[in-house]
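Visitor: Sequence:
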Amino acid sequence: MKHCPCIRAVFMLYIFSATQALEPRPNFLLIMVDDLGIGDIGCYGNKTIRTPNIDRLANEGVKLTQHIAAAPLCTPSRAAFMTGRYPVRSGMAAESKIGVYLFSASSGGLPNAELTFAKILKKAGYSTGIVGKWHLGLNCEKSDDFCHHPVFHGFDYFYGIITTNLRDCIPGHGSVFAAGAAEHIKMLFHILFIMLLTIFLVNCSGFLKIPWKLPICFLFLTSLLLGGVTLFFWNFRYFNCFLMRNKKIVQQPLLFTNLTQRITGESLNFIRSNKDRPFLLLVSYFQVHTALYASQSFIGKATMVYMEMLPRRLTGVLVIF
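Count the sequence shown with mature numbering (1 follows the signal peptide of the UniProt record, and there is no 0) and you get residues -21 to -1, 1 to 300, in order.
Calculated from the structure, these hints are not laboratory results. Worth double-checking, as some hints may not be accurate.
[What the hints assert, rightly or not] Each computed DMTMM-like pair below joins lysine to aspartate or glutamate, with the alpha-carbon atoms no more than 25 Å apart:
no., residue 1, residue 2
1, LYS102, ASP135
2, LYS226, ASP123
3, LYS226, ASP124
4, LYS98, ASP135
5, LYS76, ASP147
6, LYS101, ASP135
7, LYS102, ASP255
8, LYS227, ASP123
9, LYS102, ASP124
10, LYS227, ASP124
11, LYS226, ASP135
12, LYS102, GLU245
13, LYS76, GLU162
14, LYS26, GLU39
15, LYS227, ASP147
16, LYS76, ASP14
17, LYS98, GLU245
18, LYS76, GLU120
19, LYS226, GLU120
Given the sequences, and given the hints that come with them, work out the whole structure.
Guide: Here is the structure:
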């Protein structure tokens, strides 16, 4: 996963923690867009997608031209962003092909011993919040211990999703599991066919008598397994795609209608409620990670869905500022 992170702002957070800040203390607003490529916005040369708000911020501020991502995936790169350390040092660099948390029930996450920039500023008296995508784990041993929840990593307030924005979360947008599941099911049927053929040939040869109850039982157990897997993925949205406010689920399954506007609105509410004290706010938009969706007001403005919904994400930046 590629980010467009405010590296300079993160660097300032750590510098700030090691020095005696002068009053009034500055506020920190970090905005992250999921899976956004450097070539997708105008200030870095894109001539197809209109991103005037980001272009204006770049022209009036500082534009970074050199950056190395700590990892190409969501979970490890976010762990690096939060801690300033390579994900392998915090145990967040998986050895498997997947490398990210796909399920809300996954028993893992960013270790509580890790020092995040939110913990640093909270200790310094800041009000801290994160709005949007987390994807760094939720629970350890029980479904309600919340050991990896943002509130245990220095954030006073959380509004968003624990995992990520998968195609499975929106009906009609396909599934990230379909290809892998199809391969495993195909292999299972191959094994079943070979087993039945072997039993038939052995019985016909008279060399050994194998009861037909054995393949029938195997077929029954296979059907139960496939039925259970199908039932799980049929209800995937309800198990994994939900919206939380702090530790409470406020929407299940997650509805994507005006979701970007809601994220922006929650961010503005946090800023207003903390106008009289220093604050840190991380706004982590869900897109342009799939599943792709666009607000009604942006549909028809471009030739592809990606190009339609990208300006909606970046319009929220101007609203916050």
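Visitor: Take the C-alpha atoms of LYS102 and ASP135, compute the straight-line distance between them, and say whether it is at most 25 Å.
Guide: holds (11 Å)
Visitor: For the pair supplied as a hint, LYS26 and GLU39, is the alpha-carbon distance within the 25 Å limit?
Guide: holds (20 Å)
Visitor: What's the verdict on LYS226 and ASP123, does the C-alpha distance respect the 25 Å limit or exceed it?
Guide: Holds, at about 9 Å.
Visitor: Between the alpha carbons of LYS226 and ASP135, is the straight-line distance 25 Å or under?
Guide: Distance of about 11 Å is within 25 Å: holds.
Visitor: For the pair we were handed, LYS102 and ASP255, check the Cα-Cα distance against 25 Å.
Guide: Given pair LYS102, ASP255 holds - Cα atoms ~18 Å apart, limit 25 Å.
Visitor: Does the alpha-carbon distance linking LYS98 and GLU245 stay inside the 25 Å limit?
Guide: Holds, at about 21 Å.
Visitor: Tell me if the straight-line CA distance from LYS98 to ASP135 falls inside 25 Å.
Guide: holds (10 Å)
Visitor: Check the hint pairing LYS102 with GLU245 against an upper bound of 25 Å on the C-alpha distance.
Guide: Satisfied, since the Cα-Cα distance of roughly 24 Å is no more than 25 Å.
Visitor: Hint check: LYS227 vs ASP147, CA-CA at most 25 Å. Holds or violated?
Guide: This hinted pair holds, its Cα atoms lying about 22 Å apart.
Visitor: Straight-line Cα separation of LYS101 and ASP135 no greater than 25 Å?
Guide: holds (8 Å)
Visitor: For LYS76 and GLU120, compute the direct alpha-carbon distance and say whether it is at most 25 Å.
Guide: With a Cα-Cα distance of about 24 Å, the restraint between LYS76 and GLU120 holds, given a limit of 25 Å.
Visitor: Please work out if LYS76 and ASP14 have their alpha carbons no farther apart than 25 Å.
Guide: With a Cα-Cα distance of about 18 Å, the restraint between LYS76 and ASP14 holds, given a limit of 25 Å.
Checked against the numbered hints listed earlier, the structure breaks none of them; every hint is satisfied.
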